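Sequences and hints are given; from them, build the entire structure.
To convert a position in the sequence shown, counted from 1, into the working numbering, add 19.
Read the hints as simulated data drawn from the structure, not as lab findings. Heads up, a few of these hints could be off.
[Stated by the list, open to error] Restraint ranges, calculated between C-beta atoms of paired labels, are given here:
#1 T190 <-> T47: 45 to 53 Å
#2 R46 <-> V192: 48 to 56 Å
#3 A49 <-> H194: 42 to 50 Å
#4 T190 <-> W220: 14 to 22 Å
#5 R193 <-> D136: 22 to 30 Å
Please read all numbers here as calculations on a predicted model, not as lab measurements. Cβ atoms here follow ideal geometry from the backbone N, Cα and C, with glycine treated the same way.
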Amino acid sequence: MRKARRARRRTTSTSRRIATAPRGRARTLAAKEELRSRILREAMALFVEEGYAGFSMRKLARRLRYSATTLYAYYEHKHDLLLAVIGQGYDLARSYLQVGDGDAMERLHALSNAYFDFAFENPTLYELMFIHRPGRVFESSEDLVRTRFGILQQIIDAALETPPLSHFDETAVRHTIEVFWGALHGLVSLALTVPFFDEKWARRNLAFLLRTLAPLVERYSAELSAAGSAAAAVDRTR
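This is the structure:
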């Protein structure tokens, strides 16, 4: 009897260990991911406060109250942290650009102002993403830019889906939007980095740019409408 009870206890104990092992591993993984997320949150805050030049792993470790060795187990260099921060910045920027439906100019207005909102509400993050990135980070983040950035592609896709721009040659629309985005970035960059310019100046010039584009879009829309009406009239006479 005693041997049987001991055998049952050993079996029960082993079963408990087997049952709790996956839960223990899951808790460990969850704790690691939580720490990784916390490191990234604090790194973004420190980058925003100090900029890239003022950022260091030691400063981040002090902020987190962890040893630098712990940080290096998750991110080998501040370049790696910056890449992760930039990735989150791309996601945040794309969330700003979720605009509603409308005609071409309405969507262009909405997207442009949303882009400005992101830039001026997150100026240091914008500079880290687009202006002051070191060459090594720029080169190593090429894939991340292509796969996660998507801001320019998001604007192009919106244009291609919206009449009358949807009737343009896709290559022409793409080149036009690339130039337009370059103008947006130029206005933001000057406002953020040159003392003589500011957000008010940038938005005033954006409004001028949009007013300049509006007649061109409207004229092309009218031409398309007239061409469509003429084609319909010809079809009716056949």
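key: Unmet hints by their number, sorted upward, for this structure   = 4
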